[in-house]
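J.: Chain V is already provided as a structure; the job is to place chain P on it using the hints.
There are 2 protein chains.
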Amino acid sequence: MNKQGDLIVISGFAGAGKGTLVKRLISEYDRFALSISMTTRSPRNGEKDGREYFFVTKEEFEKTIAEDGFLEHACYVGNYYGTPKAYVMEQMSKGKDVILEIEVQGALQIKEKFPQAFLIFVTPPDAETLRKRLIGRGTETPDVVEKRLLRAKEESVLMDRYDAILINDDIDTCVKDAVSYIDAAKASPKRCYEFLERIREELK
Amino acid sequence: MNKQGDLIVISGFAGAGKGTLVKRLISEYDRFALSISMTTRSPRNGEKDGREYFFVTKEEFEKTIAEDGFLEHACYVGNYYGTPKAYVMEQMSKGKDVILEIEVQGALQIKEKFPQAFLIFVTPPDAETLRKRLIGRGTETPDVVEKRLLRAKEESVLMDRYDAILINDDIDTCVKDAVSYIDAAKASPKRCYEFLERIREELK
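Sequences listed follow chains V and P, in order.
The numbering of the first sequence is our numbering, which starts it at 14 and goes up by one.
The numbering of the second sequence is our numbering, which starts it at 14 and goes up by one.
What the hints contain is simulated information worked out from the structure, not anything from laboratory work.
Among the hints, erroneous ones may be present.
Same chains, same label: a pair holds when it works inside one copy or across any pair of copies.
[Said to hold, decoys possible] With a straight-line cut-off of 30 Å between C-alpha atoms, the simulated DSBU-like cross-links for lysine-lysine are:
{"#": "1", "residue 1": "K203", "residue 2": "K189"}
{"#": "2", "residue 1": "K98", "residue 2": "K71"}
{"#": "3", "residue 1": "K124", "residue 2": "K199"}
{"#": "4", "residue 1": "K217", "residue 2": "K166"}
{"#": "5", "residue 1": "K126", "residue 2": "K199"}
{"#": "6", "residue 1": "K145", "residue 2": "K217"}
{"#": "7", "residue 1": "K189", "residue 2": "K16"}
{"#": "8", "residue 1": "K145", "residue 2": "K16"}
{"#": "9", "residue 1": "K16", "residue 2": "K199"}
{"#": "10", "residue 1": "K145", "residue 2": "K203"}
{"#": "11", "residue 1": "K109", "residue 2": "K203"}
{"#": "12", "residue 1": "K36", "residue 2": "K203"}
This is chain V alone, in the form it adopts within the complex (with noise of 0.2 Å):
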């Protein structure tokens, strides 16, 4: 409907699945474009710039921050993430859709500047399948698995912040719930206002 891509911000509850779901949105469609946050916390152990995050020193950082170009950044643990502004903005003026994978407050900070960015909250069915999920994992130590819960339970308060609510039940349904709910919301308003603005002007 309209030309321009649109902003695709997907959170979630650590264990719902989020991560898998991007991954199959980036390398099955064409349509959609992975923005990459950058950061000022070293590279783990296979991390690559580039891939993962874009790897920065607090000065580089900085200076984007003077620069405005941020769509959001925060600082946890005495290191700086961020969303760069160019990228996303270059990608939706070229009709991608670009998915931003970001945690609740970064998303809610997304919302404000981007009344139209599309927001996607991405759960279990019920809350005995995410504790099962951080449990298989099984890199996580009990005490990091109850910690995670007591996040989730903290996030699920402002899940209705979001425009639609995910559930990850199957990955297959999951992904093309994904779709499906970007497609529609393309029909939202405030996501067709060059089409609203050339019919009005057609009927006058």
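T.: Same frame as chain V, now just chain P:
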């Protein structure tokens, strides 16, 4: 996601094809139920009580108003028109999505009373197509066509109060899009409130 059905309001320009759309949704999908309006105007040739409208006396209509029996009602050119509440509520509680085909003012009344109602505005791809369809019907004088276009101009101002703009270029696509938009709308937090309540409770 929720077992309760939703309230779907369909409006659009005269000549946009919303009548055909509604007929096809009702006849092709068992999940939908059609709300029939009540009116005090006389039946026209070929109209049948309980199909196009429920035809009632002024006294019966006013009794229903007094009993708070309408979702919305209005008076046009000396006749009452309204949406009886009981049928809509009954069908929704059975899990049916109830379709109301009503004009813009009534639709916005519904939105105010039921913020979780999903409002679809049907439009042709451009004003020229609308003009051609109105002329092509062959039942309207040029004068009436102009009046309908003037009405369309007025209605176009209120299009952005709707949840979805449905472009009817090809009726088959239009029917499919309507169903997709209605499906996607169910992922909105305000329409899957039961799920949110449950998972929040489970995470406590």
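J.: Which hint numbers does the structure go against, in order from smallest to largest?
T.: none
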